[in-house]
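Read off the chains here:
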Amino acid sequence: MIDWAAFGIVAVVTWVSAMCIVAAYSFAVRLLAVARDGGSTAMLNKVGAVFFFAVCGLIVLFGIVLIVPVLSENILGFS
Amino acid sequence: MDLTLIVVLVISLALFFDFTNGFHDTANAMATPIATGAITPKKAVLLAAILNLVGAFLSTEVAKTISGGIINEDAATGVSITPDMIFAGLMGAVIWNVLTWLLGLPSSSSHALFGGLVGAAIVGAGFGAVDYGVLLSKVLLPALCAPVIAGVSAYLCTKLAYSITRRQSGSSPKRGGFRYGQIFSSSLVALAHGTNDAQKTMGVITLTLVASGLQEANTGPHMWVIASCAFAIALGTYTGGWRIIRTMGSGLTDVKPAQGFSAEVSTASAILASSHLGFALSTTQVASGSVIGSGLGRKGAEVRWGTAGRIALGWLFTLPAAAIVGGVAAALAHLGTIGVVAVAVLGVGVLVVFWVLSRREVVGHENAMSDIDNSGAAVNILSKKERRKRERAARKAAEKEQKSAKQAKQPAAVSSETSGETESGTDSTQGTEKGQKK
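First to last, the protein sequences are chains S and X.
Under numbering that gives the first Met the number 0, the first residue of the first sequence is numbered 0, with each subsequent residue one higher.
Under numbering that gives the first Met the number 0, the first residue of the second sequence is numbered 0, with each subsequent residue one higher.
A portion of the hints provided could be inaccurate.
[Claimed, not checked] Cut-off 25 Å, straight-line C-alpha distance, at most; resulting in silico cross-link-like pairs (PhoX-like, lysine-lysine):
no., chain 1, residue 1, chain 2, residue 2
1, S, 45, X, 158
2, X, 158, X, 41
3, S, 45, X, 173
Please keep in mind that the hints were generated in silico from the structure rather than gathered at the bench.
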């Protein structure tokens with residue numbers, strides 16, 4: 000009667016997705032901080048920061064697509 | 000009983016419930032960014048209102064399945080939900096929502112709604128009207144699991160965020176960057192809230208229309224229902240439940256940007272994951288769990304367990320209390336038109352009393368978070384613990400100086416002078432300590 004598996008899936012999905020987003024954003028913040036210190040690798044660090052911000056944004060976009068049935072049907076092919 | 004009159008009454012009460020739901024739950028999305036100064040209170044509620052509005056139009060999946068299950072409403076068992084029972088249930092939900100707002104408790108609007116409907120159904124149609132298995136597995140257990148799942152997530156994320164941004168070289172980690180992230184993460188929470196909570200009222204109105212034979216069964220909500228619910232919840236969100244924002248933003252723990260970002264991302268992930276997998280979680284409980292979890296995850300932040308306990312107590316009472324009010328209202332409404340009118344008059348009376356009580360101490364956008372608002376611009380807000388630690392260290396240093404001054408066996412007149420100097424000495428020790436920490 001009680002669907003323990005569903006609880007498990009919700010828990011794992013929450014933990015994995017939240018940690019991916021936070022990790023990506025944190026790396027970006029760290030790289031920005033390093034870039035502001037200057038030095039020869041400042042440009043590289045900035046590019047890295049932008050990359051991680053983009054990764055973070057993509058994960059969030061994927062999440063939005065998943066919850067909106069119209070979007071997930073049209074983009075992912077299932078809802 | 001005039002069918003159309005009761006239907007109109009139910010729809011207006013349902014929309015009012017949607018409004019209370021909106022201002023009750025503004026805090027879920029916007030309390031932490033307001034607390035860290037990521038966004039000004041007025042802009043925050045406007046952003047949340049717009050995203051709630053958008054979210055309400057995005058999906059009607061929850062509305063289509065609402066109340067299907069918990070209340071047995073099939074012809075086989077002879078149980079049928081009448082509009083006056085829904086009216087009584089909604090009254091229970093609205094009264095509980097306004098009472099918890101008055102107390103500043105972030106309780107679950109969904110649980111108030113379920114509680115009110117369950118209470119009304121039991122009184123109106125007997126104990127057989129409720130499917131307790133579904134109630135346990137779909138409402139009560141998620142109520143226990145949701146805050147824990149979100150809290151663990153926020154705890155892990157906060158730890159992760161701080162360990163990734165920590166600089167070994169000792170230079171500034173510039174964690175203020177998380178404040179910009181908070182604007183997006185809280186927007187995501189507001190959007191998720193719109194896709195979930197506005198649906199509940201749409202479901203109730205649709206159920207009423209079906210029950211009174213004005214709409215065919217198994218059809219989705221009408222466009223005017225979707226639109227009016229979306230606007231009701233957005234308006235409620237814009238009004239802002241400042242009392243609850245105060246509890247969530249500063250009552251549970253002092254929130255810093257990296258922490259707030261982690262908490263919001265955890266809240267949004269938990270809601271999105273559960274709604275995608277067809278699981279009903281309460282937005283409020285998930286958000287509270289996240290805030291507490293993030294408080295545990297940051298070194299030096301303290302969680303005020305007294306407030307957390309008060310909130311948990313509110314959760315325990317939400318379902319039964321709303322059920323009792325709903326039940327009493329249903330018993331009255333059972334008397335016919337006079338009963339329904341009596342419920343309406345009494346309900347409005349109680350709400351007016353609550354409102355008058357709330358005017359005694361007005362909490363608005365200007366004072367909901369005043370102390371934090373002022374220091375919001377500074378990235379490094381000291382937590383109480385850190386502040387106390389510094390004070391203690393300063394006091395110790397002052398005592399040492401006094402002792403050494405006495406040991407030097409100087410005349411009494413001079414020692415009194417040094418005690419006057421120790422105060423300025425305290426400042427300098429604090430200054431050097433700050434320098435060392437940086």
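To see whether the hints hold, each was checked on the structure:
In summary, the hint linking residue 45 (chain S) to residue 158 (chain X) is supported, as the alpha carbons are separated by about 24 Å, within the 25 Å threshold. Restraint check for residue 158 (chain X) and residue 41 (chain X): the C-alpha separation of about 31 Å exceeds 25 Å, so the hint is violated. Note on residue 45 (chain S) and residue 173 (chain X): the hinted pairing holds, with a Cα-Cα distance of about 14 Å set against a maximum of 25 Å.
The structure shown violates just one earlier hint, number 2.
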